Amino acid sequence: MSKLIQNEMLKLIAKKRLVVIAIIIGVLVALFTYAQYRQVQTQQEKLGTKDWRTILQKQIVDTTNRLSSTGMSDEWRRELQIMVKQEQYYLDHNINPNAPGAPTFVRVFLENSIGLFIPLMVMVIASDLVSSEYSLGTVKLLLTRPVKRWKILLSKYITLILAVSLIIAIAGALSYGISGFVFGFKGWGAPILTGFNVTKAGLNTANVKLLSLWEFLLMDFGLVWFVAVVVGTLSFMLSVLIRSTAAGMGIMLAALISGAILNNMVSSWNSAKYLFMVNLQLTDYLAGNPPPIQGMTLSFSITVLLFWWAAALFVSFFVFTKKDVY
Amino acid sequence: MEKKVTLAVKDLKKKIGKKEIIKGLTFELQEGEVFGFLGPNGAGKTTTIRMLVGLIKPTSGSIQICGLHIDEHFEEAMKNLGCIVENPELYPYLSGYNNLLHFTRMLDGVREKRIMEVAELVGLTDRIHDKVKTYSLGMRQRLGIAQALLGKPKILILDEPTNGLDPAGIREMRQFIRFLAEQEGLSVLVSSHLLSEIQLLCDRVAILLNGTIIRIDSVQQLLENREKMAWRMTPLEKGKHILRSLTKIEEIDDGTILTVFDEQKIAEWNKKLVDAGVSVCEMSRKMPVLEDLFLELTGGESRE
Numbered sequence: 015m016s017k018l019i020q021n022e023m024l025k026l027i028a029k030k031r032l033v034v035i036a037i038i039i040g041v042l043v044a045l046f047t048y049a050q051y052r053q054v055q056t057q058q059e060k061l062g063t064k065d066w067r068t069i070l071q072k073q074i075v076d077t078t079n080r081l082s083s084t085g086m087s088d089e090w091r092r093e094l095q096i097m098v099k100q101e102q103y104y105l106d107h108n109i110n111p112n113a114p115g116a117p118t119f120v121r122v123f124l125e126n127s128i129g130l131f132i133p134l135m136v137m138v139i140a141s142d143l144v145s146s147e148y149s150l151g152t153v154k155l156l157l158t159r160p161v162k163r164w165k166i167l168l169s170k171y172i173t174l175i176l177a178v179s180l181i182i183a184i185a186g187a188l189s190y191g192i193s194g195f196v197f198g199f200k201g202w203g204a205p206i207l208t209g210f211n212v213t214k215a216g217l218n219t220a221n222v223k224l225l226s227l228w229e230f231l232l233m234d235f236g237l238v239w240f241v242a243v244v245v246g247t248l249s250f251m252l253s254v255l256i257r258s259t260a261a262g263m264g265i266m267l268a269a270l271i272s273g274a275i276l277n278n279m280v281s282s283w284n285s286a287k288y289l290f291m292v293n294l295q296l297t298d299y300l301a302g303n304p305p306p307i308q309g310m311t312l313s314f315s316i317t318v319l320l321f322w323w324a325a326a327l328f329v330s331f332f333v334f335t336k337k338d339v340y
Numbered sequence: 022m023e024k025k026v027t028l029a030v031k032d033l034k035k036k037i038g039k040k041e042i043i044k045g046l047t048f049e050l051q052e053g054e055v056f057g058f059l060g061p062n063g064a065g066k067t068t069t070i071r072m073l074v075g076l077i078k079p080t081s082g083s084i085q086i087c088g089l090h091i092d093e094h095f096e097e098a099m100k101n102l103g104c105i106v107e108n109p110e111l112y113p114y115l116s117g118y119n120n121l122l123h124f125t126r127m128l129d130g131v132r133e134k135r136i137m138e139v140a141e142l143v144g145l146t147d148r149i150h151d152k153v154k155t156y157s158l159g160m161r162q163r164l165g166i167a168q169a170l171l172g173k174p175k176i177l178i179l180d181e182p183t184n185g186l187d188p189a190g191i192r193e194m195r196q197f198i199r200f201l202a203e204q205e206g207l208s209v210l211v212s213s214h215l216l217s218e219i220q221l222l223c224d225r226v227a228i229l230l231n232g233t234i235i236r237i238d239s240v241q242q243l244l245e246n247r248e249k250m251a252w253r254m255t256p257l258e259k260g261k262h263i264l265r266s267l268t269k270i271e272e273i274d275d276g277t278i279l280t281v282f283d284e285q286k287i288a289e290w291n292k293k294l295v296d297a298g299v300s301v302c303e304m305s306r307k308m309p310v311l312e313d314l315f316l317e318l319t320g321g322e323s324r325e
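Protein sequence lines correspond, in order, to chains A and B.
Letter by letter, the first sequence follows residues 15 to 340 of the working numbering.
Letter by letter, the second sequence follows residues 22 to 325 of the working numbering.
Chain A on its own, in the form it takes in the complex:
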């Protein structure tokens, strides 16, 4: 089996996909770093002070003012109320929610890329892992070796998991390295709150815990990895089912983007919570952002994703081992 994985790695590296992905991540991180830098600058200019407490206070006042205006949708109002409460909590406990520094940047970067960006990168690798063998015709050589089909597919899947892990490591390293030059590399021990629970009654702070940023980041990375594996497995399944890499990518892309859009409009369509693409924002649960549909929790989302993962894996192996190759 290790020889088969070596083979898959050989092909993956020869195709230079990982290099392309690393470059894309590098360029985007540089862009985000600059954007973040400008944001901090303008904020400081506007308020004429560098004190985050003043900024936070100002934000709370702003948000409260907006809350008093009429003609606002219920959803939006509830979100704003939660925001005010969180900000107030940070203020009361003397915690800077946006403490600049590379670790904070990494956290924000992960939170924003878990739903679309990281899955997209994973998809680039996963979607042609099997279908490219069909389009090249090499599948005929691969399947006529004295190796059972499920072993060949398993070696490909393990390679995918390794590649996913590598992509996330690259994303972490690049976002830390590049942003560190601008914001400094310190801030691992910064306190951060987690455990906000959004219920029907509003924000529930009963389970709120104080964590060091590195602990929080570890959890973030774990969740991002999990999401990436699930999305990778789904693309992998499409790659087995559809000969055309482009078609597989298109379907996955449509699903991911529809997820990003649905997140903002499904609050009253309850059964949508079983779709995998509205469950990808796992880090939002840690950060205490309200879920797209009321009643969704971290464990619910993980369960839904696990179900999709298992189904995709089953379909992939079932079809691959049975399929006639023409």
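Among the hints, erroneous ones may be present.
What the hints assert, rightly or not - For the chain B half of the interface with chain A, some residues (derived, Cβ under 8 Å), not all of them:
#1 K78
#2 E96
#3 C104
#4 V106
#5 N108
#6 F124
What the hints assert, rightly or not - The following residues of chain B were derived to be distant from chain A, with all beta-carbon distances above 12 Å:
#7 N231
#8 I270
#9 W290
The set of hints was computed from the structure by calculation and includes no laboratory data.
It should be emphasised that the depicted structure is a prediction, and the values quoted were computed from it without experimental measurement.
By construction, the Cβ of each residue, glycine as well, lies at the ideal position given by its N, Cα and C atoms.
Given chain A's structure and the hints, the job is docking chain B onto it.
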């Protein structure tokens, strides 16, 4: 002495949807012979080959490689088989060496040393470290064969091995296949839609039409009495008259006369013609055309 059977196929059938594509094939391959699969496009050659190598599951029937059923002992059976199905599609972005390394890793007990051995066997040593996308079609074909030989198989299955090669490449390939069968004792199964190619390459041939084997025979037997001799003579009428008195003749539009090809008699006929003052401008041996052969073997039954 009876030769060892390496590949045994019994009543092989494949249905796709409701249509039966392969309708019960039975044949055997022996050690050291080149066996031809001859048939027009769509006769079921490629489908059969794909079933033999495990790409397509047969609907019914059995395939035994060196006595092992491929559906029960797939791994063991496939160790004895090397193949190229249709074009030799290898990874264009890898070097020839890495392609072979890739397939070596999928064979238990084959060492990396073997890679250079097979590269030398097919004459690719100089270019083995270049990327496959820079190879010519002939080189790819040879690399494909090298790949098939890595595991020292007992059976080699080649689907249209001379497809797309130039005449020099075709001859080279033919010599190489004969060498493998005669010197290395491999059983080689070759498919083709060209009768001339099968005639030059194979010992025995199975003729496929619409998913059934209409005839299995040695190439010699099959072609015997089917080859024709073409004559061009002046004066034509006199020549025709003499030949007609000797054998059955056939006249084609352009004044060429066809008789049977009979090595013993040809010289004699020619002498008679010359003695009678007929100058013979051309005498050539004509291969039967595949279409004619089919027509003859099927008794004019129409093709689907």
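For each hint, the structure was consulted:
1. K78: holds, 6 Å
2. E96: Holds: closest Cβ of chain A sits about 4 Å from E96/B, inside 8 Å.
3. C104: Holds: closest Cβ of chain A sits about 5 Å from C104/B, inside 8 Å.
4. V106: holds, 5 Å
5. N108: Holds. Min distance 7 Å.
6. F124: With a closest approach of 7 Å, the F124/B hint holds.
7. N231: holds, 18 Å
8. I270: holds, 48 Å
9. W290: holds, 52 Å
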